[in-house]
Amino acid sequence: MATGSFNLDLDCENADDESTHCALKTKTTSPGLQFKTVASAPRLGADATCGENAKVYQSWQLQNWQRQYMLTPGEPAIPPAMDSGPSFKLRNMANGGVFDCTPGNKTADGVFDGACAPAAGTAPNSKVSFRFDPVLDMLAVTQRWECGAE
30 MATGSFNLDL
40 DCENADDEST
50 HCALKTKTTS
60 PGLQFKTVAS
70 APRLGADATC
80 GENAKVYQSW
90 QLQNWQRQYM
100 LTPGEPAIPP
110 AMDSGPSFKL
120 RNMANGGVFD
130 CTPGNKTADG
140 VFDGACAPAA
150 GTAPNSKVSF
160 RFDPVLDMLA
170 VTQRWECGAE
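As numbered in my numbering, residues 30 to 179 make up the sequence shown, in order.
Any given hint could turn out to be false.
Simulated crosslink set (BS3-like; lysine-lysine; CA at most 25 Å straight-line) [unchecked claim]:
(1) K156 x K84
(2) K84 x K118
(3) K156 x K135
(4) K135 x K118
(5) K156 x K118
Just the calculated beta-carbon pair ranges, DEER-fashion [stated by the list, open to error]:
(6) M122 x P153: 39 to 49 Å
(7) E47 x M99: 24 to 34 Å
(8) A148 x H50: 39 to 49 Å
(9) M99 x S158: 41 to 51 Å
(10) W94 x A52: 27 to 37 Å
(11) E42 x P153: 47 to 57 Å
(12) L53 x G150: 46 to 56 Å
(13) Q92 x A44: 39 to 49 Å
(14) K135 x E104: 14 to 24 Å
(15) K156 x K135: 15 to 25 Å
(16) A44 x A152: 49 to 59 Å
(17) N134 x W94: 18 to 28 Å
Calculated from the structure, these hints are not laboratory results.
Glycine included, each C-beta is placed from N, C-alpha and C at the ideal position.
Starting from the given sequences, assemble the full structure and let the hints guide the process.
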């Protein structure tokens with residue numbers, strides 16, 4: 030796995046209808062994009078310690094995503110009314126741990142804060158939580174390691 034980033038140089042214009050339209054700035058006829066990637070550490074073995082896992086970038090596989098909401102004809106779809114928030118499983122790709130995540134609380138601004146419990150067979154040496162913004166359709170996962178003395 031590798032992580033990377035790039036910058037986009039955009040020309041943006043405001044239209045008469047107050048919308049904004051952007052296009053890549055170009056050098057002659059084609060955009061000039063340059064990507065730089067940095068290799069990440071390889072996946073740790075199944076026998077890796079909590080402390081070793083805590084030092085490795087964590088990537089996740091999202092499984093069994095479920096979310097229910099009601100759309101009323103004629104009403105705006107975002108944010109949806111009567112939103113249950115998401116429930117799902119997270120598989121930690123660094124150490125194989127699986128977490129069951131439930132929606133938890135809906136904040137005043139309509140964002141869901143939820144907790145993820147270790148599934149059977151997953152070491153309870155970290156706390157995982159998430160934040161889901163239904164307007165942005167964005168999920169953020171946080172993991173806090175609790176290794177103690179190994």
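Do the hints match the structure? See the list:
| no. | hint | verdict |
| --- | --- | --- |
| 1 | K156 x K84 | 15 Å, holds |
| 2 | K84 x K118 | 23 Å, holds |
| 3 | K156 x K135 | 20 Å, holds |
| 4 | K135 x K118 | 19 Å, holds |
| 5 | K156 x K118 | 14 Å, holds |
| 6 | M122 x P153: 39 to 49 Å | 19 Å, violated |
| 7 | E47 x M99: 24 to 34 Å | 30 Å, holds |
| 8 | A148 x H50: 39 to 49 Å | 46 Å, holds |
| 9 | M99 x S158: 41 to 51 Å | 26 Å, violated |
| 10 | W94 x A52: 27 to 37 Å | 33 Å, holds |
| 11 | E42 x P153: 47 to 57 Å | 54 Å, holds |
| 12 | L53 x G150: 46 to 56 Å | 48 Å, holds |
| 13 | Q92 x A44: 39 to 49 Å | 42 Å, holds |
| 14 | K135 x E104: 14 to 24 Å | 18 Å, holds |
| 15 | K156 x K135: 15 to 25 Å | 20 Å, holds |
| 16 | A44 x A152: 49 to 59 Å | 55 Å, holds |
| 17 | N134 x W94: 18 to 28 Å | 19 Å, holds |
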